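Peer 1: Letter by letter, the chains look like this.
Number of protein chains: 2
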Amino acid sequence: MSGFFHDLEQLPTNTSVALSDLLSAAKWNADGLIPAIAQQHDSGEVLMMAWMNRASLEETLSTGRVCYWSRSRQAFWRKGETSGQQQHLVEARFDCDGDTLLLKVDQSGPACHTGRRSCFYLRLTPTAGEIDSDPLMSKEELYGGKR
Amino acid sequence: MSGFFHDLEQLPTNTSVALSDLLSAAKWNADGLIPAIAQQHDSGEVLMMAWMNRASLEETLSTGRVCYWSRSRQAFWRKGETSGQQQHLVEARFDCDGDTLLLKVDQSGPACHTGRRSCFYLRLTPTAGEIDSDPLMSKEELYGGKR
Numbered sequence: 651m652s653g654f655f656h657d658l659e660q661l662p663t664n665t666s667v668a669l670s671d672l673l674s675a676a677k678w679n680a681d682g683l684i685p686a687i688a689q690q691h692d693s694g695e696v697l698m699m700a701w702m703n704r705a706s707l708e709e710t711l712s713t714g715r716v717c718y719w720s721r722s723r724q725a726f727w728r729k730g731e732t733s734g735q736q737q738h739l740v741e742a743r744f745d746c747d748g749d750t751l752l753l754k755v756d757q758s759g760p761a762c763h764t765g766r767r768s769c770f771y772l773r774l775t776p777t778a779g780e781i782d783s784d785p786l787m788s789k790e791e792l793y794g795g796k797r
Numbered sequence: 651m652s653g654f655f656h657d658l659e660q661l662p663t664n665t666s667v668a669l670s671d672l673l674s675a676a677k678w679n680a681d682g683l684i685p686a687i688a689q690q691h692d693s694g695e696v697l698m699m700a701w702m703n704r705a706s707l708e709e710t711l712s713t714g715r716v717c718y719w720s721r722s723r724q725a726f727w728r729k730g731e732t733s734g735q736q737q738h739l740v741e742a743r744f745d746c747d748g749d750t751l752l753l754k755v756d757q758s759g760p761a762c763h764t765g766r767r768s769c770f771y772l773r774l775t776p777t778a779g780e781i782d783s784d785p786l787m788s789k790e791e792l793y794g795g796k797r
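So the sequences go chain by chain: Y and H.
So for the first sequence, my numbering puts the first residue at 651; every next one is plus one.
So for the second sequence, my numbering puts the first residue at 651; every next one is plus one.
Accuracy of the hints is not assured; some may be wrong.
Since the list can't tell identical chains apart, any single copy or any two copies may satisfy a pair.
[Unchecked claim] Calculated pairs, DMTMM-like style, for lysine to aspartate or glutamate (alpha carbon to alpha carbon, straight line, at most 20 Å):
(1) Lys789 - Asp747
(2) Lys789 - Asp681
(3) Lys789 - Glu741
(4) Lys754 - Glu791
(5) Lys789 - Glu659
(6) Lys754 - Glu780
(7) Lys677 - Asp747
(8) Lys789 - Glu708
(9) Lys789 - Asp657
(10) Lys677 - Glu791
(11) Lys677 - Glu659
(12) Lys754 - Asp657
(13) Lys754 - Asp681
(14) Lys677 - Glu708
(15) Lys789 - Glu731
(16) Lys677 - Asp692
(17) Lys677 - Asp657
(18) Lys754 - Glu695
(19) Lys677 - Glu780
(20) Lys754 - Asp692
(21) Lys754 - Asp782
(22) Lys754 - Glu708
(23) Lys754 - Glu709
FYI, nobody ran anything at the bench for these hints, they're computed from the structure.
Keep in mind that this is a model prediction, so the values were computed, not measured.
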């Protein structure tokens, strides 16, 4: 194994590299996307996972407001532009091999399109899956009939 | 939008469905994989993201020890089988549209192959990326020269 991220592994803590070099070496998939995990910065709750391309990550880092790439709409998805439930960026991180992002965010209201706080509301057991959280608001309240 | 996960959205909290139905409806990608986020169950720290196929998820749920699918090795990856740093499953969850898993785990030692606790040690700023955590142990200690 070699490459930019591999070479970084053994460098001392506080080593800094240019963002543009990091983004050029990052492992965007065949569609130019990387999965981004959104975590509420203070509670630690994992809210959702969505996808970013290079432009949406650059926009997120410069504006401080989280912008994903919508695979279904093939368009920028500025979180909250329809629902009003924005995500403000507190911190962004790449993982060791440059193929996943972790975003620590401040999420107002529900992160999930169902009106629930988190998308991860289906808890698994060895034999079943169970819904274990209530919506904070209805989809009608969230989207005003727009979705 | 329709389908199994969409139909679940509006059902009341505590609704339970059979695991086999959930796994049949889950949105495995073209390679039969779904991304799985591993989060330390008590601290909330996001440790890593890896991939699971249906068989590795079923094994994980039944044994309580996390088993991923290694895309590079095209084989089951029972976390800790080389490094000794196992992940024990506390809770597994699907997201709203059935294309991502969240695993709450109890991770012994480093989750990252670099010897760091978490894989997400590259913090981004608008212009740079910075290494911000030290390894807990060297790769030699972790793999005994096996990697």
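Peer 1: What hint numbers does the structure not satisfy?
Peer 2: As far as the earlier hints go, 2, 3, 4, 8, 10, 12, 13, 16 are violated by this structure, in ascending order.
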